[in-house]
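A.B. asks: So the chains spell out like this:
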Amino acid sequence: MCVSRRTQVRILLTVRNLFLEARGRGALEPLTNTFTGGPSRRAHYKHRDPALLIPGRVSQDRKGKNCQVFNCKLGLRFNMKLIREGERRKFVPRSRYGGQLCVSQWSPSELSLGSVGTSGGNSLSSTHDMCVPRRRPRHNVWPGCDRNVLPQAAPHARLPVIYPSFLFTLHRSTDFEVHRNWLAVASSLPVDRWYVDQTSPWTLDYPPLFACFELLLAQVARFFDAAMLDVKNLNYASPMTILFQRLSVIVTDLVYAYGCRLCGEEVVKAGGMGGGGKKGVASVGAAVAVVLFTNAGLLLVDHIHFQYNGFLFGVLFLSIAKMLQRKEIQSAIYFSVLLNLKHIYLYLAPAYFIYLLRSYVLLGPVPARPDKTQNSLASRVFRLIKLGAVVVLIFGLSFGPFIAKGQLQQVLTRLFPFKRGLCHAYWAPNFWALYNIADKLLVLAGGRLGWAVGEGGVASMTGGLVQEYSHAVLPSVSPGATLVVTALSILPSLIVLWRSPNNPWQFVRAVVMCGFGSFMFGWHVHEKAVLMVVLPLGLLCLLRKAEAQVFVFLSAVGHFSLFPLFFTPQETPIKVTALLLHALFTLQVLRAHWGQTLLNTLETLYLLGLVPLSLLLEVGAGRLGLGEGLPFLPLMAVSVYCALGVTYSWVKLSYLGLVGAPKLKRKTN
Amino acid sequence: MMTKGSNTALVCVAAVLLRWCVSLHPYSGQGKPPMYGDYEAQRHWQEVTVNLPVAEWYVNTTDNDLQYWGLDYPPLTAYHSYLCGLAARRVNASFVALHESRGYESETHKLFMRYTVLVADLLVYLPAAYCLMSVLAKWRAGRLEFVCLLLYPGLYLVDYGHFQYNNVSLGLFVMAVAALTSGRDCIGAVLFCLALNYKQMELYHALPFFFYLLGTCFRQGGVLGLLWKMTKLGCCVVLTFSAVWLPFASNATVLSQALRRLFPFERGLFEDKVASVWCSLSVFVKLKTLVDNRNMALICLLSTVVCMLPSSLHLVARPTLRHLRYALLNASLVFFLFSYHVHEKTILLAAVPACMLVSEEPFMTTWFLTVSTASLLPLMIQDGLTLPLLALGVLFMALTHHYILPSTEKVAKRTRMWVWMRRTYFLSVAGLAFLTAATLFVQPPDRLPDLFPVLLAIYCCGHFVFFCLYFHYCQFTLKYNNNNNNSAVSNNNNAKKHVQRK
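Protein chains in written order, with the numbering used here: chain A, 1467 to 2135; chain B, 44 to 545.
None of these hints come from the bench; they were simulated from the model. It is possible that part of the hints are untrue.
To be verified - Chain A stretches covered by chain B per the calculated footprint, using a threshold of three residues with CB under 8 Å from any CB of chain B:
| hint | stretch |
| --- | --- |
| 1 | 2033-2040 |
| 2 | 2044-2052 |
As the list claims (entries may be wrong) - Selected chain B positions facing chain A (Cβ under 7 Å, derived; list incomplete):
| hint | residue |
| --- | --- |
| 3 | C55 |
| 4 | V56 |
| 5 | L154 |
What you are looking at is a predicted structure, and each value in this text was computed from that prediction instead of being measured. Just so you know, even glycine gets a beta-carbon here, dropped at the ideal spot from N, CA and C.
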């Protein structure tokens, strides 16, 4: 694999000549310190005929600076990494059969190079994101077989995976009743009663479009069992009701499948991997779509615990995919619909806001020709109005009826119940879990050392089910404080996003960081919310190795932290095998792309630590002789242990987001 | 190596997940007193074996009412029940309390029973499939067999839904085939005897095993070699049998009583609607009124033996491992079609050999496996397992469609016959879908309440006859290399050379 030194020199000389040629054309400023970097900054690529680097058109980048494109045709077999040197950067989008070399004069302070159009300016691949794997993706061939089991056939695997969920049919949890009640409320009560009705304790607390969605479902539900649509029929669960609800989740999951597919295609394009042919990276890209679709946490939460998260994430993915395709208006439509389906996605809104403002409203769509920039004030205002109209229209459709009836206040109090505590009964594995445990440890330590500690704190410590409690030693946290901390935590990623315009992948990063920040520091976070981090993060896992590493780690930890949701002994093997299956599959797909080292020793040890922890959780502290004193110890242990891993991932991801492009590393062979 | 391990792990984990999903569903006879179903039978055996001395297990006594699910499987099953019973007693003594626990049903108990099947799977069936894969890996095969053995839905629908321990006997059987494949004939013989001693149904596979081993004996070169090998094998068989039956040997009556329990001729020709020849014939000819049970048994025996002979004798002449695998499938299919007292579940005994042939005949075996899964429908409807059957059937078809059938496409494009085969396949699946839908949703006319299940049985029976003929044809036209004892090995070498040339 290692390229001989002579070849390297030849390549470097060739590229240098190219630059000289480019200078002769006057398109670029002279590059002074070309390729002066140490050995670690050298490109590794095999080549056959370097003369096939053809200078392409000169265009302008977003800032109006000159930018030269070089096309490299077949014959050059790039396996090239980012070249970075001195003041200037040259990026080589990798492709096995061809690609573009783009040279521009951007200052290094900018984290994104933006992009140089290939054709039509639509499928711009942001070169910044192109960290190229050090070797060609290895195909997983089982010895003694002609076809691979999963990764290669993965594009087809999409469909089958949905079927096993039929198998959970006979199981039901409390969320069944919640959604059954909503079905009943939406279908049998007039609109102005939706947010007033209090027959069931599970009142409607999703935005109006979701109620409309339930209304649609109810039209089908009639044919299964009309009795489930009666509001007074509390805790009604005939087999047909359960069947219908299961089926509704499975069918609406198709939206998610579609979203994953669109995003997968974009991932493949972004990697410059489209040309790889059937057996190339395209299949890995499709495999990523499958990784997303078969997400263990989503499977468990939707198909066992029962919710419509798959559908909602499908809409989110559609929105992201449209953004990646540079169809900003469509993306905004999908996202506003999503907000009106479930308002928890408000946490992601800052990323949308910044990106749309900066890249769509202010800069405008990518010009087909450099002289046709659309940065005039009029065009900006026009775009703003277009965007605003779309968003206002959708919100108006959703909330309009309630505003007309003067129920807005009522709806909003239902949507944002601030009466709940900082943490859920089972602490979501976030920063506050660590904060709580620190508080408790301090209380314990204080007890030993004889400090005066408030009794209330001690009592709440063992309670577990207490919704609101005050911290004994550390200051108690108010909703406002969490809001401020959350805002602070997502601010850096938003700044990075602002400074890298027209880079939709940076936008995806910001979405991830928004989700992550709100999960880490939000008020009354449910452990399910970890999906809001893991799923968008999955989109990035082919672009940068470091992000792939975080994804593998975080998805394992995050899904593990969902285990306490499924507490009956029948579900134990399902959750364990589902998690294992997904983790193994993810590892396999990503290893095929990135090589072996996806988890370092510490992370591996940490993940192995989950095994005794799950034993503690499943066997229960009672059997181990710890039961009487501390009934909630296993839950607390899971929560704190996972919180450590999640916090680690958050720190790592934040760091990656700030540091920017991955560093070049010399290949060690 | 990593990839291989990780692929294997993926398939294993997926298999466990699917199995456990099935196990959430009801079992046979759930909440149906007084007799319940196979689930209660297994529980009852645990109760009997744990509480009574060995000598009373097969004997009708005051404590052991043989009319209520008396033990009618060979001793290994009884020992297995004994072990499970011991575990049950530790978990909750009321699971297996003598007399009082009859018809015991609870969520915990269901969980316990499901776990026992899972443990048996993990200890016997999975390792067996893995052994087979690693043995076949030499021949550039085995992976598909592994996937098929683990993911074929019929087996775990019966084991985890309906509730039985077929995985133990079939696992031992698969392991025996793996042992033979790796050239360890004696170990293979021992393992097969164990399988036979777990479930007498394994007799379906006994003749091919016997004839294969006989054939290899003849190939030892010289009379001495023949005698030495026969003695070795004979010793293995005799020792295994005597070891298994030793606890019952104290008393001759106990032994004879046990043997009588194993082969119950008082039961009917077939149960419910089976896709066997006799069941299909009886739609047109009332066999039960024409011939009495004893004669019918004779007729069954004769027809089975006659139909068995061609493939078996062929195997003696050509004792290679490929021939063996074909012969196993042929023999079990013949048994299923013609033998006495066939049950829907019995098709599993043909399905497992079919799984082991999947890389030789990817198209036909997957077709067969699909049909065999569908033929379980009446049983699954009875047990309330329709939904998992449908879901897993579709899942299995999707899997085969994407992973196995594409490898046949090259052949399919080449010959005209294969084009027609594929069309027939889609037609046949459509027919299955139609009959399944009809069974589930269409109200049959009052005079013929079982119209659609019977139609389904006849339809499947037609398929099985066709498959039986086809696989016989395959077995007889297999290439046989006289110089090499194992034609598959030489084929494999050719294939390797071919690959290298590329």
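A.B. asks: Decide, hint by hint, whether the structure agrees.
C.D. replies: How the hints compare with the structure:
no., hint, result
1, 2033-2040, "holds (count 4)"
2, 2044-2052, "holds (count 5)"
3, C55, "violated (9 Å)"
4, V56, "holds (5 Å)"
5, L154, "holds (6 Å)"
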